[in-house]
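A.B. asks: As they're listed, the protein sequences go chains A and B.
Heads up, the first sequence is in this note's numbering, so the first residue is 1 and it goes up one at a time.
Heads up, the second sequence is in this note's numbering, so the first residue is 1 and it goes up one at a time.
Note that these hints are calculated values from the structure, not bench results.
Quantities reported herein were computed from a predicted structural model and do not represent experimental measurements.
Positions of the beta carbon are idealized from the N, C-alpha and C atoms, including for glycine.
Some hints here could point you the wrong way.
Below 16 Å or equal to it, Euclidean Cα-Cα: the simulated EDC-like pairs (lysine to aspartate or glutamate) are [to be verified]:
#1 B/Lys69 / B/Glu36
#2 B/Lys69 / B/Asp48
#3 B/Lys124 / B/Glu110
#4 A/Lys112 / B/Asp89
#5 B/Lys108 / A/Asp20
#6 B/Lys125 / B/Asp89
Residues of chain B placed beyond 10 Å of chain A at every Cβ, according to the derived structure [stated by the list, open to error]:
#7 Val41
#8 Val43
#9 Gly87
#10 Asp101
A few chain B residues that face chain A, going by a derived Cβ cut-off under 10 Å, partial list only [unchecked claim]:
#11 Asp10
#12 Ile17
#13 Arg20
#14 Val54
#15 Glu85
#16 Arg88
#17 Asp89
#18 Val91
#19 Ile104
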Amino acid sequence: MNAQTCSLDIRHYLGAHLVDVFQTMLSINVTAVTDGRPPTFAERVTGSVGFGGNQVTGAVYLNLSARLASQIAAAMLRLPPDETIGETEVNDVIGECTNMLAGGLKSALCDKGCDCAVSTPAIIRGTSFVIESLPDVQRELLVFDYNGVRFTVEVHIKFNQTN
Amino acid sequence: MPIKILSVDDSRTIRLIVGRSLRPYDCVLWEAANGEEGLAVAVREKPDLILLDVTMPVMDGVTMLARLKEDPALKAIPVVMLTAESGRDNVITIARLGVCDYLIKPFKEEQLIDKVGRAVQLQKKEAAAPVAAPAPVVCF
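From just these sequences and the hints, can you work out the full model?
C.D. replies: Written as structure tokens, this is what we have:
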């Protein structure tokens with residue numbers, strides 16, 4: 001098995017999958033932004049799920065502003081958009097959304113011959129953290145828009161060359 | 001008699017969605033956050049149906065399912081797996097584990113009710129009228 005066998009258009013797959021997750025679970029429509037300009041966040045909520053196997057390792061990150069994360073949690077829990085929601089509930093919703101994104105990517109990779117397993121989700125909150133990838137790790141950044149507010153999905157992925 | 005359903009998922013959000021979906025129906029819902037807790041509730045309550053997540057801390061859904069199948073008192077309980085992993089091999093693996101059905105996340109609440117309704121006879125609370133029975137599924 002090698003990287004060629006595992007070839008998957010990650011951007012295309014995740015772009016479509018995220019729209020499906022948000023439409024199905026939250027009944028909200030998001031659109032992919034093609035100008036590629038990522039947002040800056042005053043306070044950021046990041047959901048992360050790792051995946052790993054013999055041929056592939058990586059992680060999926062869902063990056064949102066704290067305000068948008070709260071709005072998404074409200075949509076999932078069917079609460080009014082401006083309802084104050086505790087961090088625990090917001091974290092759980094964003095973690096579950098990230099889990100669905102990573103689970104779909106994992107399935108697509110497995111169908112391409114790259115068996116791997118996913119971790120349980122983790123949440124990072126803060127105002128000034130940066131997620132960097134190692135030089136030999138492929139990084140894909142997708143930007144989306146919901147009601148004029150941008151958020152991103154980031155995938156760090158490394159295909160291991162094996163014979 | 002209300003239907004007894006056990007929802008095992010580490011996500012409180014998913015357990016909440018399950019509870020919200022089942023609210024109109026005559027059923028009692030128990031919740032557990034991992035396989036270990038789920039097994040304990042299953043032993044105690046003998047539910048009519050278990051909705052089981054796959055990837056969870058402490059004890060995952062696959063291990064819990066294996067333990068259920070080892071227990072003569074629990075092995076006949078139908079299990080519907082809820083998973084975010086839709087890959088071909090994953091679906092085959094799940095089927096071989098002896099589940100009744102599976103539901104891929106993301107899902108709509110109507111899809112969940114459809115799956116539950118195929119495994120147990122759901123009745124609306126108000127009229128106690130049975131939900132239109134969809135085609136039955138054969139549990140593995």
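A.B. asks: Among the hints numbered above, which are violated by the structure, and what are their numbers in rising order?
C.D. replies: 6, 9
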